[in-house]
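Enquirer: Each chain is listed here by its residues.
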Amino acid sequence: MDRNWVVLGVSLLVWGLLFSWILRVEKRVNELEKK
Amino acid sequence: MIWRIALFAWIAAAMTVGLLKAPLVPVLEETTRVIYFHIPSAWVTVVALGWSMLHSVLYLWKRDLRNDDHAAAAAELGLLFCIAATVTGALWAKAMWGAYWNWDPRETSIFFILLLYSAYLALRGSIEGDEKRARLSAIYSVVAFVAVPFLVFVVPRMYDTLHPDPLINKRGKIDMDPLMVECFVAMLAGFTVLFFWLQTLRVRVTRIERRQQLARG
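Chains C and G supply the protein sequences, listed in that same order. Counting in this note's numbering, the first sequence runs from 208 upward without gaps. Counting in this note's numbering, the second sequence runs from 34 upward without gaps.
Now the in silico label distances, taken between C-beta atoms and shown as ranges:
| no. | chain 1 | residue 1 | chain 2 | residue 2 | range |
| --- | --- | --- | --- | --- | --- |
| 1 | G | V120 | C | G216 | 16 to 24 Å |
| 2 | C | K234 | G | V58 | 39 to 47 Å |
| 3 | G | A152 | C | E238 | 28 to 36 Å |
| 4 | G | L148 | C | W212 | 37 to 45 Å |
| 5 | G | L98 | C | V221 | 32 to 40 Å |
Derived coverage of chain C by chain G (criterion: at least 3 residues anywhere in the stretch with Cβ under 8 Å from a Cβ of chain G; other residues may be distant):
| no. | stretch |
| --- | --- |
| 6 | 218-226 |
| 7 | 235-242 |
These are calculated hints, taken from the structure and not from any lab test. Glycine included, C-beta positions come from ideal geometry on N, C-alpha and C.
So that you can see chain C by itself, here it is in the shape it has in the complex:
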C-alpha cells in the first residue's frame, strides 16, 4: 500500500478523534454552565 495513504489515514483518524473529543468537552461544558 502507498505509504502516503497510510500517513493520511493515521492523520485523519487522529484529527477525527481529537475533533470528537473537543465536541464532547464542549457538550459537557454546556451542561455544567446550565446547572
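Using the hints provided, position chain G relative to the given structure of chain C.
Expert: Same frame as chain C, now just chain G:
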C-alpha cells in the same frame, strides 16, 4: 455547529491534498509533509502567547479577572502547541539529521520558549489568591513575551543553522510550489480557528471551576 463541521472538513481537506497531491521538496523528499503540521503548530504557539500577553496587559490596565482567564488559557494552549511543534520537529530531525535533538539554533529557541512558559504555569500554580496570582502572572507574561519574537524570528536568522529556510526566506521570497502554499495556508488558518475554539472552551472551564469553588465556599 455548522462552522465546527466546516473546520473539520477544512483541515481534513487540506491534509488530504497536502499529503496526496502537493509535490515534495527536493532533498527533504517525504519529510516535506511535516510542514503542514509543524509550522502551523509553531504559528499558533506565537499567536497564543501573543494573545496571552495582550490579555495580561488588559488585566494590568483594567484589573478584570476575565482577562486573566484568557491570559492563562492562551499560555496553556501556547505551551501545548509548542510541544506539538517540538515533537513534529524532532521527528523530522531524526529523519533528516539522524538524531531527534541537535541543539540547532531553532531547537534551542523553542526549548527556551518551553522553559519560559512552563515557568509561567508553575508561577501561577504557586500563588494563592486570584488577584495576586493574576497581577504577578500578567507582569511575567508581558516580560516573557518580549523574548518570543526574538527567539522565533531573530535568533534562527542570526546563526548558521541546518534548519530549512523559513517560509519567507532571507531574500524575502516564498520558494514553495503554489499548491503547497495553498495547503500550508489552509492548515495555518485551520489551526488558528482551532486555537480560538479551544481557547474559548478553556476560559469557560476556568469560569465553571471558579463558580464551583465559590459555591463550596
